[in-house]
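Undergrad: Going down the list, the sequences are from chains A and B. Note that the working numbering numbers the first sequence so that position 234 is 234, with each residue one more than the last. Note that the working numbering numbers the second sequence so that position 327 is 327, with each residue one more than the last.
Treat the hints loosely; a few may be bogus.
Just so you know, same-sequence chains aren't split out, so a pair can sit in one copy or run between any two.
[As the list claims (entries may be wrong)] Derived pair list, reagent style SDA-like, types lysine to any residue, alpha-carbon separation capped at 20 Å:
1) Lys191 x Arg402
2) Lys36 x Leu232
3) Lys55 x Leu45
4) Lys499 x Gly208
5) Lys346 x Asp128
6) Lys191 x Trp317
7) Lys126 x His237
8) Lys36 x Ala280
9) Lys318 x Asp226
10) Lys36 x Gly282
11) Lys346 x Glu109
12) Lys126 x Phe258
13) Lys55 x Glu14
14) Lys36 x Ala468
15) Lys145 x Arg402
16) Lys101 x Ala331
17) Lys101 x Gly62
18) Lys394 x Gly26
19) Lys346 x Trp317
20) Lys36 x Ala19
21) Lys55 x Glu43
22) Lys499 x Ala214
If you're looking for bench data, these hints aren't it; they were derived computationally from the structure.
Number of protein chains: 2
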Amino acid sequence: MRKELERLVELDRERKLVAHIGALLGWDQETGMPPKAVDERSEQLALVESLAHEKSVRPEMGELLEKLGSTTENPGGDASLLPVERAYLRALRRSWDRDTKLPSDLVAEFARATSLGQAAWVQAKKNDDFASFAPHLQKVLDLIKREAACLSPGKPAYDVLLDLYEPGSTELSIRTVFSRLRRDLVAILAKIGSRPKIDDSILRETVGEARQRAASDWLMDVLGYDRLRGRLDVSAHPFTTTLGVDDVRITTRYIPGFFPSSLFSTMHETGHALYELGIAPGAEFRGTELAEAASMAVHESQSRFWENVIGRGEPFWKRNFTHLAELVSPALDGVRREDFVRSINKVEPSFIRTEADEVTYGLHIVLRFELESDLIAGRLAVRDVPEAWRAKAKDLLGLDVRDDVRGCLQDVHWSAGLFGYFPSYALGNLYAAQFADAMRKDIPDLDERVAMGDNASVLEWLRERVHAPGSFWLPGELVEKVTGSPLDPAHFIDYLDRKYSQIYGF
Amino acid sequence: MRKELERLVELDRERKLVAHIGALLGWDQETGMPPKAVDERSEQLALVESLAHEKSVRPEMGELLEKLGSTTENPGGDASLLPVERAYLRALRRSWDRDTKLPSDLVAEFARATSLGQAAWVQAKKNDDFASFAPHLQKVLDLIKREAACLSPGKPAYDVLLDLYEPGSTELSIRTVFSRLRRDLVAILAKIGSRPKIDDSILRETVGEARQRAASDWLMDVLGYDRLRGRLDVSAHPFTTTLGVDDVRITTRYIPGFFPSSLFSTMHETGHALYELGIAPGAEFRGTELAEAASMAVHESQSRFWENVIGRGEPFWKRNFTHLAELVSPALDGVRREDFVRSINKVEPSFIRTEADEVTYGLHIVLRFELESDLIAGRLAVRDVPEAWRAKAKDLLGLDVRDDVRGCLQDVHWSAGLFGYFPSYALGNLYAAQFADAMRKDIPDLDERVAMGDNASVLEWLRERVHAPGSFWLPGELVEKVTGSPLDPAHFIDYLDRKYSQIYGF
Numbered sequence: 001m002r003k004e005l006e007r008l009v010e011l012d013r014e015r016k017l018v019a020h021i022g023a024l025l026g027w028d029q030e031t032g033m034p035p036k037a038v039d040e041r042s043e044q045l046a047l048v049e050s051l052a053h054e055k056s057v058r059p060e061m062g063e064l065l066e067k068l069g070s071t072t073e074n075p076g077g078d079a080s081l082l083p084v085e086r087a088y089l090r091a092l093r094r095s096w097d098r099d100t101k102l103p104s105d106l107v108a109e110f111a112r113a114t115s116l117g118q119a120a121w122v123q124a125k126k127n128d129d130f131a132s133f134a135p136h137l138q139k140v141l142d143l144i145k146r147e148a149a150c151l152s153p154g155k156p157a158y159d160v161l162l163d164l165y166e167p168g169s170t171e172l173s174i175r176t177v178f179s180r181l182r183r184d185l186v187a188i189l190a191k192i193g194s195r196p197k198i199d200d201s202i203l204r205e206t207v208g209e210a211r212q213r214a215a216s217d218w219l220m221d222v223l224g225y226d227r228l229r230g231r232l233d234v235s236a237h238p239f240t241t242t243l244g245v246d247d248v249r250i251t252t253r254y255i256p257g258f259f260p261s262s263l264f265s266t267m268h269e270t271g272h273a274l275y276e277l278g279i280a281p282g283a284e285f286r287g288t289e290l291a292e293a294a295s296m297a298v299h300e301s302q303s304r305f306w307e308n309v310i311g312r313g314e315p316f317w318k319r320n321f322t323h324l325a326e327l328v329s330p331a332l333d334g335v336r337r338e339d340f341v342r343s344i345n346k347v348e349p350s351f352i353r354t355e356a357d358e359v360t361y362g363l364h365i366v367l368r369f370e371l372e373s374d375l376i377a378g379r380l381a382v383r384d385v386p387e388a389w390r391a392k393a394k395d396l397l398g399l400d401v402r403d404d405v406r407g408c409l410q411d412v413h414w415s416a417g418l419f420g421y422f423p424s425y426a427l428g429n430l431y432a433a434q435f436a437d438a439m440r441k442d443i444p445d446l447d448e449r450v451a452m453g454d455n456a457s458v459l460e461w462l463r464e465r466v467h468a469p470g471s472f473w474l475p476g477e478l479v480e481k482v483t484g485s486p487l488d489p490a491h492f493i494d495y496l497d498r499k500y501s502q503i504y505g506f
Numbered sequence: 001m002r003k004e005l006e007r008l009v010e011l012d013r014e015r016k017l018v019a020h021i022g023a024l025l026g027w028d029q030e031t032g033m034p035p036k037a038v039d040e041r042s043e044q045l046a047l048v049e050s051l052a053h054e055k056s057v058r059p060e061m062g063e064l065l066e067k068l069g070s071t072t073e074n075p076g077g078d079a080s081l082l083p084v085e086r087a088y089l090r091a092l093r094r095s096w097d098r099d100t101k102l103p104s105d106l107v108a109e110f111a112r113a114t115s116l117g118q119a120a121w122v123q124a125k126k127n128d129d130f131a132s133f134a135p136h137l138q139k140v141l142d143l144i145k146r147e148a149a150c151l152s153p154g155k156p157a158y159d160v161l162l163d164l165y166e167p168g169s170t171e172l173s174i175r176t177v178f179s180r181l182r183r184d185l186v187a188i189l190a191k192i193g194s195r196p197k198i199d200d201s202i203l204r205e206t207v208g209e210a211r212q213r214a215a216s217d218w219l220m221d222v223l224g225y226d227r228l229r230g231r232l233d234v235s236a237h238p239f240t241t242t243l244g245v246d247d248v249r250i251t252t253r254y255i256p257g258f259f260p261s262s263l264f265s266t267m268h269e270t271g272h273a274l275y276e277l278g279i280a281p282g283a284e285f286r287g288t289e290l291a292e293a294a295s296m297a298v299h300e301s302q303s304r305f306w307e308n309v310i311g312r313g314e315p316f317w318k319r320n321f322t323h324l325a326e327l328v329s330p331a332l333d334g335v336r337r338e339d340f341v342r343s344i345n346k347v348e349p350s351f352i353r354t355e356a357d358e359v360t361y362g363l364h365i366v367l368r369f370e371l372e373s374d375l376i377a378g379r380l381a382v383r384d385v386p387e388a389w390r391a392k393a394k395d396l397l398g399l400d401v402r403d404d405v406r407g408c409l410q411d412v413h414w415s416a417g418l419f420g421y422f423p424s425y426a427l428g429n430l431y432a433a434q435f436a437d438a439m440r441k442d443i444p445d446l447d448e449r450v451a452m453g454d455n456a457s458v459l460e461w462l463r464e465r466v467h468a469p470g471s472f473w474l475p476g477e478l479v480e481k482v483t484g485s486p487l488d489p490a491h492f493i494d495y496l497d498r499k500y501s502q503i504y505g506f
């Protein structure tokens, strides 16, 4: 490895080290920190963040990138470098540009606006008062457009923003995928709506925290989560966080009257953790930008894969239902496995995205994509968001939204300046289904294996193809490399069609 | 407040903030970190430590101290400053001198030698092989003497080292106290030895972790530990750590066959935590050097006070025994309170310091003080340590030490360069007893109050007089201020005499 590259790796690792320290501060704050420690903790976080920023914009890093021939236009650098080195430089150049192209006064203004915006959003949501939030949203919107202009002058703002979360994507590429998705999801939902509703009341028996915890622990083991490199804790909202190359932790929460919540959130977060723990772009690039996930959506594909494709599938419960019933006894005593599997796959349009099932979830995302792309492009005014939301909710989900709390005020994202982020959630499902189809070609007896308790084959397949490369490929390249074709929503639609035609009998 | 002082406080707080971040990294490592995370964690710790050091030796800090008139000879600075400001400057100057007077190559050499020394100690202890450890001990000893010479040229090395842990103390001042302590402890021990042994087998019933945890939680509440500013976890060795002004955490460990271990270690660490949480030298000096403990020994006085003076006292269990028996049931079913109190106060010479009772503990410390002061002064050669240890163990405790594992290899301290540290452990007991006597003058019905469950009066008294001042006083000044006289071992001896003459009937 060239000396310049070695030094670059050294500097890069140091900033990741700082980021991991920040992750510990954040993890502790969400899991066990004494409540009154919050004020000093925010000072500690600010200090670590400013140190991380400092280490991310060191001029020496920019000089080394240049010496190695990496520019915004030719991020991979000198053609004479090895492919893995070029992939590394490409990933690092993306991150360098993101970190250095924004003037610091704009960064500060944005931080202020989103901090105020989030506080205003909390209040607005509490009081169902969109009008009080509107000026904040407008301010954040103006600033995010200015940021986009700084990051890529001349490029449409929403394209710039999408690219932050899903490298290589554009409004057009997403719209192409989502318009097909929209049409087909609406069609499947209509078929489901024509069939009798599923009664899932068997999932509402009370299960104490200790028993739910035991079930979560067991599921983590079943899916192959190495507890020497991770752990499970409790937080208000489940999450996964990386505190080190060998330290990826998840959280869940235990709702006494709805135990499936912890089961599936544990499987979801385990999916995220397995991805992080599986990234292995070679020892030379351990703990560098190349060892980051390919994208938000690829990350989400891994959580959804384990939560839904595996965890809500018949084969998985063939193997595991009896033991689950023992662990949560007596909640599932006398319940038939088929009824359990039907219940955990109930589909029903609902107002809140985070509570949505596999079918309607995508429609929640399409709705947000259509609104936020219009907002950024100026085709929709902030004051018209509530009305536009209602119209689309009716159109896509058949729902009459009566208040903004269960409408356009439900998500924190826009108040925090996260425009271009929502599409990743739906893309994750599409990637997961497309990966699953490719996996079935390599492992034709996949269902039988899962039904026998062999999840290791699944994990090994994902590790080698999806996890290990980290950021070696852009997500679009990765999906082609792994499945042989570009992202195509047909895989997801076929998956839903196959699965739900059985469950609902259409 | 003068501008220079304001800036000094700002710089000081920033370094404390970094130290608290390091404390979180350490706490997490001892309590819940996934095992394989250890390598990266040590890199994270090294990064934070180097940042903390950088912030502790900023030349601006030295310039500000000078501008405010603070020198090594006149640490309090300009006479025109307020007393609290002068106390702050004195504390900060001490810390500044400690941090800046050592040449960095000596610091690095010392770090290497103690790291190797500790590893060698682990092996030597495993194999009962002092000879393999001796050259490491010699090296550490040579370096610590060089450090002492840098810190205070011309002053006897052991005086310099003692002053690091117990500001203001000298070999002579400690020897004066310890020679009296030695004589009187040996006398009390002889009286106890003439009486029948206590059978403490009632403490050996098995109690599961959940019940021991419940008992620890309850004891923390009983002693007044504010759980909004702290928490309890499990670690291999119990400790207290400060992660923020409002975040002081303790740990304990649960030994199924000896539940008193967790009870008393929880009370001990709670005592440390109550001290840290009670330091309140005014809002202007929150989170600064003035808000640090007065000394190691004063810290230890607080843990020993709650563990022994209160927690092993008859009045405390008058109030609390019944509930404890419920929590650990059936372990104490049918046991009389008097027998419980006798059992937890059993005195018997034993080889291991950390397992020693209230009476023999001090003799373990006297032994170490006499040896380490001789080592530093060159009156004892490293190779002669095992023999000297055996002689003193026989002399002080009446024990025949047959191997060095239970002799001079039992403690990690010397291998880590902690010379001058041991005396603090015994001084803590002396301070605790002297504070208790002063407290009894202000609260004559102390025992009755504790027996009624009123520990708040005790805590309030300690907070106001001992905790709140932080480092405002040197320990010698503090004890005079609080009790009206200098440190005098008579208080501790009287306390032991009163207590054990009752228990053993001599």
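Undergrad: Indicate, hint by hint, whether the structure satisfies it.
TA: Okay, the hints, checked on the actual structure:
{"no.": "1", "hint": "Lys191 x Arg402", "verdict": "neither (26 Å within a copy, 84 Å between copies)"}
{"no.": "2", "hint": "Lys36 x Leu232", "verdict": "between (24 Å within a copy, 15 Å between copies)"}
{"no.": "3", "hint": "Lys55 x Leu45", "verdict": "both (15 Å within a copy, 17 Å between copies)"}
{"no.": "4", "hint": "Lys499 x Gly208", "verdict": "neither (31 Å within a copy, 47 Å between copies)"}
{"no.": "5", "hint": "Lys346 x Asp128", "verdict": "neither (29 Å within a copy, 66 Å between copies)"}
{"no.": "6", "hint": "Lys191 x Trp317", "verdict": "neither (26 Å within a copy, 71 Å between copies)"}
{"no.": "7", "hint": "Lys126 x His237", "verdict": "within (18 Å within a copy, 46 Å between copies)"}
{"no.": "8", "hint": "Lys36 x Ala280", "verdict": "between (39 Å within a copy, 16 Å between copies)"}
{"no.": "9", "hint": "Lys318 x Asp226", "verdict": "neither (24 Å within a copy, 49 Å between copies)"}
{"no.": "10", "hint": "Lys36 x Gly282", "verdict": "between (43 Å within a copy, 18 Å between copies)"}
{"no.": "11", "hint": "Lys346 x Glu109", "verdict": "neither (45 Å within a copy, 66 Å between copies)"}
{"no.": "12", "hint": "Lys126 x Phe258", "verdict": "neither (25 Å within a copy, 52 Å between copies)"}
{"no.": "13", "hint": "Lys55 x Glu14", "verdict": "both (7 Å within a copy, 18 Å between copies)"}
{"no.": "14", "hint": "Lys36 x Ala468", "verdict": "between (41 Å within a copy, 19 Å between copies)"}
{"no.": "15", "hint": "Lys145 x Arg402", "verdict": "neither (31 Å within a copy, 78 Å between copies)"}
{"no.": "16", "hint": "Lys101 x Ala331", "verdict": "neither (55 Å within a copy, 67 Å between copies)"}
{"no.": "17", "hint": "Lys101 x Gly62", "verdict": "within (12 Å within a copy, 37 Å between copies)"}
{"no.": "18", "hint": "Lys394 x Gly26", "verdict": "neither (39 Å within a copy, 53 Å between copies)"}
{"no.": "19", "hint": "Lys346 x Trp317", "verdict": "within (16 Å within a copy, 57 Å between copies)"}
{"no.": "20", "hint": "Lys36 x Ala19", "verdict": "between (24 Å within a copy, 18 Å between copies)"}
{"no.": "21", "hint": "Lys55 x Glu43", "verdict": "both (18 Å within a copy, 16 Å between copies)"}
{"no.": "22", "hint": "Lys499 x Ala214", "verdict": "neither (29 Å within a copy, 48 Å between copies)"}
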